[in-house]
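S.K.: Make the full structure from the sequences, and use the hints.
These protein sequences, in sequence, are chains A and B.
Following the working numbering, the residues of the first sequence are numbered contiguously, the last one being 750.
Following the working numbering, the residues of the second sequence are numbered contiguously, the last one being 414.
Simulated from the structure, these hints should not be mistaken for laboratory data.
Some hints could be false.
Simulated restraints on C-beta separations [unchecked claim]: (1) 666/A with 108/B: 28 to 36 Å; (2) 719/A with 406/B: 41 to 49 Å; (3) 67/B with 712/A: 18 to 26 Å.
Idealized CB from N, CA, C, for every residue including glycine.
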Amino acid sequence: MVKLTFLEADGSQVETDVAPGNSLMQAAVNAGVDAIAAECGGACACGTCHCVLPQDWFERVAAPASDEIDMLEFVIEPQPTSRLSCQVVVTEEMQDMVISVPDT
Amino acid sequence: MFTDPAPNFNFDPQSAAFAADPYTTYAAMRAIDMPYYWEEADTWMLTKMADVEAVALNKNMLRNNEAFVSEIDRKEQQRAINFHDMPYHERYVQVNLLESEGETHSRLRKVVFREFTPAMISRQREAIQTFVDGLLEELSDQNEIDFVSDFAAHVPGHIIGRVLGVPDEDAPKLRHWSEEVVRFFDPGREDADKARAEFATKEFYEYLLDLLATREAALQDDLLSRLIGHRDAGQLSQDELIATAMLILMAGHGSTIDVLGSGMHALLRFPDQNQRLRDDAALMKTAVQEMFRFESPLPYFHRFATEETEVGGRKFPAGTRFGLLYGAANHDPVRFDNPDKFDVGRSPNRHLAFGGGGHFCLGNHLARLDMDVIFSSINARFSGIELADTKVEYKRGLSVRGPKALRMGWKRA
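M.R.: This is the structure:
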């Protein structure tokens, strides 16, 4: 299991253990992170699972595909290290990563 | 093939009993340990949230079966459902963003998605509020109204028409065409309905051509003008532009009327929840989300498997048609506590009323905004809202859900 922390806009932190292979979105939903609405269920089709990765992690995870880049244009206040959490697969190396979740 | 278990229910979605209460039937269907084979439609019906969600999210499950059915077979299927020999309908209604997959779907969805983001939709709030205030003002001297025909039916045509760039005075025409075309998707498909659907599509097409011509002469800040820009940039063809405009006008129309009616009905059936919402307006967001779950206005869609797939613990061959009963999944007790209770504060409330996967409803933010403005405005203006006729009849059929009429009394607050 990989320990992740979701940092919500109000400053609260949600810690969770997740099996590698799940998406960050699934980890957030299962941990009850309300700001990750993930309306479409993880198909890169709604833009409601926006998260912001730490700079070093953003560079290390697989780069976003073109459909995700298109969708990221439309999230509220995108950041340079924004991702759609449904498109980021959790790996063992992500242990202790802190993911910011902007308010929606 | 599989052996059907003997079902202890009668699945007859056209019946009055099903219209009155589909949820008892859905619960019985969920209770059998495999998908239910609906022979009449050669479709495996899914009612459990886990199964419906898995199929909606499966990229190998498609809206159309072009990938594995020959053109000749497809024509034969089209004939079998009486979708043939209707050139306008075939060109502008049977082929569109909703019915496409792959490159076409991604390209068209990208063009339209940007128009329906929360930021774009929030620009409509003031216009929606003004329109709703005007309509409520007109009705406020009446002590009793039919919420469906006197109020709900007038709203979405104006709103979606305004987004697209249709003049307000033409909104009733949109409603008429939309209903004539959409009705033909119901089972039955008599030739008389077919002729009406085709005629409505032709009129709708000619209207849009005229409107396009006026926009081409002078572009405006509306969706139609921006679609022209995308067409001229080579992102969609003229046919795709027309089909997309029609789809936008139709997709958000009847379903919004239906969920406005069923949402109001739910508030009246559960007065404690209505009072809770009146006491705490901050609950409006979860209340609207719950209205969509409780009586999902588009409770049924289908997918075709493009390869052998396991669903609900069984393997199905490529070509299998699955029925996704969103209305049933949204009452699955495995996902929702007390699923048949209407709870304006329900959270989490991850339901499938807007579908899931790549075809997730583009208009969801607009629909939610409509509902938010409408129910907030009604609560602010009126009190003592109650059913004037407790016998509320819902539309028959599987693919739509909403009350035919909702007689209710109210008075100015």
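S.K.: So, for every hint listed, does it hold in this structure?
M.R.: We went through each hint and held it up to the structure:
| no. | hint | result |
| --- | --- | --- |
| 1 | 666/A with 108/B: 28 to 36 Å | holds (34 Å) |
| 2 | 719/A with 406/B: 41 to 49 Å | holds (43 Å) |
| 3 | 67/B with 712/A: 18 to 26 Å | holds (24 Å) |
Taken one by one, the earlier hints all hold for this structure without exception.
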